[in-house]
Amino acid sequence: MLQIISLLLENKPGALMRVTGLLTQRGYNIESLTVARTLDPELSRMTIAVEVDSTLREQVIKQMNKLVNVLQATDLTDLPAVIRELVLVRVRTAQESRQAVLKEAEIFGGRVVDSSTEGFAIEVTGDPEKLGEFIDVMRSYGEIEVTRSGALAIGLETKKLRLQPPVPTKGATKVEETVQ
Amino acid sequence: MSTLMSGARMLLECLSREGVDCMFGYPGGVTLPLYDTLYDHPLRHILVRHEENAAFAAEGYARATGKVGVCCATSGPGATNLTTGLVDAMMDSIPIVAITGQVSTKLIGSDAFQEADTFGITRSCTKHNYLVKKLDDLPQIVHEAFYVAASGRPGPVLVDIPKDVFQAQGHYQHVTAIHLPGYKVFTEGHSGQIRRAVQLILRSERALVYAGGGIVAAGAAPELREFVERTGFPAVNTLMGLGALSSEHPNFISMPGMHGSYAANMAMSNADLLVALGVRFDDRVTGRLAAFAPHAKVIHVDIDPAEIGKNRAPDVPIVGDVKRVLARLNQALAESKESPDSTLGSARKAWWHQIRSWKEEHPLQPTTSDTEIKPQHLMAEIDRLSQGRAIVTSDVGQHQMWAAQLIRFGEPRLWINSGGLGAMGFGLPAAIGAQFARPDKLVFAIVGDGGFQMAIPELSTIMSYGLPVKIVVMNNGYLGMVRQWQELFYNNRLSSVELDCFPDAEKLAAAYGFKGRTIEKPWELSAALEAAVQEPGPYLLNVKVSPAECVYPMVPAGGAINEMVLGPPQPVAAK
Numbered sequence: 001m002l003q004i005i006s007l008l009l010e011n012k013p014g015a016l017m018r019v020t021g022l023l024t025q026r027g028y029n030i031e032s033l034t035v036a037r038t039l040d041p042e043l044s045r046m047t048i049a050v051e052v053d054s055t056l057r058e059q060v061i062k063q064m065n066k067l068v069n070v071l072q073a074t075d076l077t078d079l080p081a082v083i084r085e086l087v088l089v090r091v092r093t094a095q096e097s098r099q100a101v102l103k104e105a106e107i108f109g110g111r112v113v114d115s116s117t118e119g120f121a122i123e124v125t126g127d128p129e130k131l132g133e134f135i136d137v138m139r140s141y142g143e144i145e146v147t148r149s150g151a152l153a154i155g156l157e158t159k160k161l162r163l164q165p166p167v168p169t170k171g172a173t174k175v176e177e178t179v180q
Numbered sequence: 001m002s003t004l005m006s007g008a009r010m011l012l013e014c015l016s017r018e019g020v021d022c023m024f025g026y027p028g029g030v031t032l033p034l035y036d037t038l039y040d041h042p043l044r045h046i047l048v049r050h051e052e053n054a055a056f057a058a059e060g061y062a063r064a065t066g067k068v069g070v071c072c073a074t075s076g077p078g079a080t081n082l083t084t085g086l087v088d089a090m091m092d093s094i095p096i097v098a099i100t101g102q103v104s105t106k107l108i109g110s111d112a113f114q115e116a117d118t119f120g121i122t123r124s125c126t127k128h129n130y131l132v133k134k135l136d137d138l139p140q141i142v143h144e145a146f147y148v149a150a151s152g153r154p155g156p157v158l159v160d161i162p163k164d165v166f167q168a169q170g171h172y173q174h175v176t177a178i179h180l181p182g183y184k185v186f187t188e189g190h191s192g193q194i195r196r197a198v199q200l201i202l203r204s205e206r207a208l209v210y211a212g213g214g215i216v217a218a219g220a221a222p223e224l225r226e227f228v229e230r231t232g233f234p235a236v237n238t239l240m241g242l243g244a245l246s247s248e249h250p251n252f253i254s255m256p257g258m259h260g261s262y263a264a265n266m267a268m269s270n271a272d273l274l275v276a277l278g279v280r281f282d283d284r285v286t287g288r289l290a291a292f293a294p295h296a297k298v299i300h301v302d303i304d305p306a307e308i309g310k311n312r313a314p315d316v317p318i319v320g321d322v323k324r325v326l327a328r329l330n331q332a333l334a335e336s337k338e339s340p341d342s343t344l345g346s347a348r349k350a351w352w353h354q355i356r357s358w359k360e361e362h363p364l365q366p367t368t369s370d371t372e373i374k375p376q377h378l379m380a381e382i383d384r385l386s387q388g389r390a391i392v393t394s395d396v397g398q399h400q401m402w403a404a405q406l407i408r409f410g411e412p413r414l415w416i417n418s419g420g421l422g423a424m425g426f427g428l429p430a431a432i433g434a435q436f437a438r439p440d441k442l443v444f445a446i447v448g449d450g451g452f453q454m455a456i457p458e459l460s461t462i463m464s465y466g467l468p469v470k471i472v473v474m475n476n477g478y479l480g481m482v483r484q485w486q487e488l489f490y491n492n493r494l495s496s497v498e499l500d501c502f503p504d505a506e507k508l509a510a511a512y513g514f515k516g517r518t519i520e521k522p523w524e525l526s527a528a529l530e531a532a533v534q535e536p537g538p539y540l541l542n543v544k545v546s547p548a549e550c551v552y553p554m555v556p557a558g559g560a561i562n563e564m565v566l567g568p569p570q571p572v573a574a575k
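Line by line, the protein sequences give chains A and B.
Mapping to this note's numbering: the first sequence position 97 is 97, numbers consecutive.
Mapping to this note's numbering: the second sequence position 45 is 45, numbers consecutive.
Be a bit skeptical, because a hint or two may be false.
[Said to hold, decoys possible] Straight-line Cα separation of at most 20 Å, EDC-like style, residue types lysine to aspartate or glutamate; simulated pairs:
#1 A:K62 with B:D117
#2 B:K310 with A:E106
#3 B:K515 with B:E487
#4 B:K337 with B:E226
#5 B:K310 with A:E31
#6 B:K133 with A:E10
#7 A:K62 with B:E188
#8 B:K134 with B:E188
#9 A:K130 with A:E106
#10 A:K159 with A:D40
#11 A:K12 with B:D315
#12 B:K184 with A:E51
#13 B:K133 with A:E143
#14 A:K62 with B:D304
#15 B:K134 with A:D75
#16 A:K12 with B:E188
#17 B:K134 with A:E106
#18 A:K12 with B:D117
#19 B:K310 with A:E143
#20 B:K184 with A:E106
#21 A:K160 with B:E188
#22 A:K62 with B:D315
#23 B:K184 with A:D53
Hints were generated in silico from the structure; no laboratory data involved.
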């Protein structure tokens, strides 16, 4: 079962390192990680696929939520969510199996993004496990090269985002005193 | 309007606005612009002799006052030397802000002279850290750093400032608000949980208050006192919480844990309710977790949500500022119409009776001898002079445990030790910070002969600033705690724990310009300690104690805390 942690974090240097550091310092490997900007360019959405025992995962997520740059870390493992991944496969194939490869790609909803006498480059999106099957199928036709994007996830339930309102500074009150 | 100023001046401006009156540091190449500005700036810079000790001294300052301590180091080795102090502050939730110099922004990543990836290295050593890439960001970052360090669960924050940012000219931007949307500070406990807690409190027969460093950090000692008096519950203070409830308070039992008292550990193991306040169920307190407080329901109050359920799943979790939560609990208890019926009343009396008899069965007693100074005797004598009022700092190890067991603390912020990290060499520099913070206080630095030698360079700082710190070296000629474990669990194969060639204390102190003395006879002890206290300046008292002494009670690693080894020579396991 794919374990997915979804994070909303500030798009700041070091934010990624802080999040991954919480996993690496506990000796956990990251299966996949994707991160990109959200609608708000100051924020990023990160999706991490991990393999961590569930109580430890809960603890790690609590620690992630404590990070100053993290607005929200959610465990999507047991929540309704859509999980998708993109894979790019380059398959070298003999002339006689070209048709069969195209047929297989179609079954998996793939799209040919490059075609040459040596073979194809095919793009498929889907459930990460399904992509694994696609890769296995392609391998049976010849030599392949694969790049996967890592899992992307979106939760299907709206989780209330708790944000801390601005806090007046101790320094600020003094500034105002001196200014006036 | 604001005047044009350098980044270095702007930093000092920010520090002054945060109320910083002194910082502990050590200059270097990239912090030259900062030190040039400090030359004629009112902010006091305390020159230590090693950057690690700058961090420890800042911690000592913070631990003694509750204010944010500040330390400063140059790039590269200066910054890496700070890290032990940062981790120490992280483990014990101590608010400090560390300023480090960095090579100029253009040189970052080029393996420049004295360059280190301070931002990366200190990621896991800090609550949060910053690399200031441009001067405009500096004021916001520095004020944020102080806010993050002091709020919520306190901790260390590091601000790494490149040389060219110190040198750049700019205007101080008024920082009116800290906006950290992802940094949640939970202060109010959940009302429903507080109600449930009150129900458990009202009905428990064998309750125990388990109070820790969170009480000290939150300044919640008055609320804690009211709580134990209102409920009549017995209380234990953890190593980090000593003084949270005065050692003199009739409801105070003592410290629990690996070297806790028999009564405290038996009370933990037999309680039907633990009121856990600002504690983290540390392994040194709980022993084998599965066997810890097996009969108890747990109310856990902590400001850090990640502590709730980390080691022990609570029955009533309350995330919030323990000061406010306790105030609300006290109020709810005051308003409660429920009073214990006769069955409950007599059960509670029996519980207290049981605790008192545990205390009598195996009290924490200062052992003495006619021929040699027992370490416990030393601590008892310091206790006699302190009367629960002196600041006592310590390193880690046997001396720390005996001090924690035998010295009374009448209020919080008197007992200053490296709890979570267990850093040797902490006590002496921490005493420096504490003495700067509290010039009115008698400060004892109780250190072992091992830890003292890690901190020896700071004798120079102590003399240079004329700090009247009383350094008491509990000298058993060994790395005592390691020796104890080798003796008990490694067939007494004493491997690299003997510390011979300890310097002559009198000559050593004299070399720095102050008084020192070595004593080894029990009849010398009280007069020697009194003389040290009477001395207006610093004093180094080297006390040779019996080398073979072990700290008891002791819960062996992996043991349940009611399975204590109570002492030599025939270790007897408690029931």
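Status of the hints after comparison with the structure:
no. : hint               : result
1   : A:K62 with B:D117  : violated (27 Å)
2   : B:K310 with A:E106 : violated (49 Å)
3   : B:K515 with B:E487 : violated (36 Å)
4   : B:K337 with B:E226 : holds (18 Å)
5   : B:K310 with A:E31  : violated (24 Å)
6   : B:K133 with A:E10  : holds (17 Å)
7   : A:K62 with B:E188  : holds (18 Å)
8   : B:K134 with B:E188 : violated (37 Å)
9   : A:K130 with A:E106 : holds (14 Å)
10  : A:K159 with A:D40  : holds (18 Å)
11  : A:K12 with B:D315  : violated (38 Å)
12  : B:K184 with A:E51  : violated (27 Å)
13  : B:K133 with A:E143 : violated (47 Å)
14  : A:K62 with B:D304  : holds (9 Å)
15  : B:K134 with A:D75  : violated (36 Å)
16  : A:K12 with B:E188  : violated (30 Å)
17  : B:K134 with A:E106 : violated (52 Å)
18  : A:K12 with B:D117  : holds (17 Å)
19  : B:K310 with A:E143 : violated (48 Å)
20  : B:K184 with A:E106 : violated (48 Å)
21  : A:K160 with B:E188 : holds (19 Å)
22  : A:K62 with B:D315  : holds (19 Å)
23  : B:K184 with A:D53  : violated (26 Å)
Going through the hint list in order, the structure does not satisfy hints 1, 2, 3, 5, 8, 11, 12, 13, 15, 16, 17, 19, 20 and 23.
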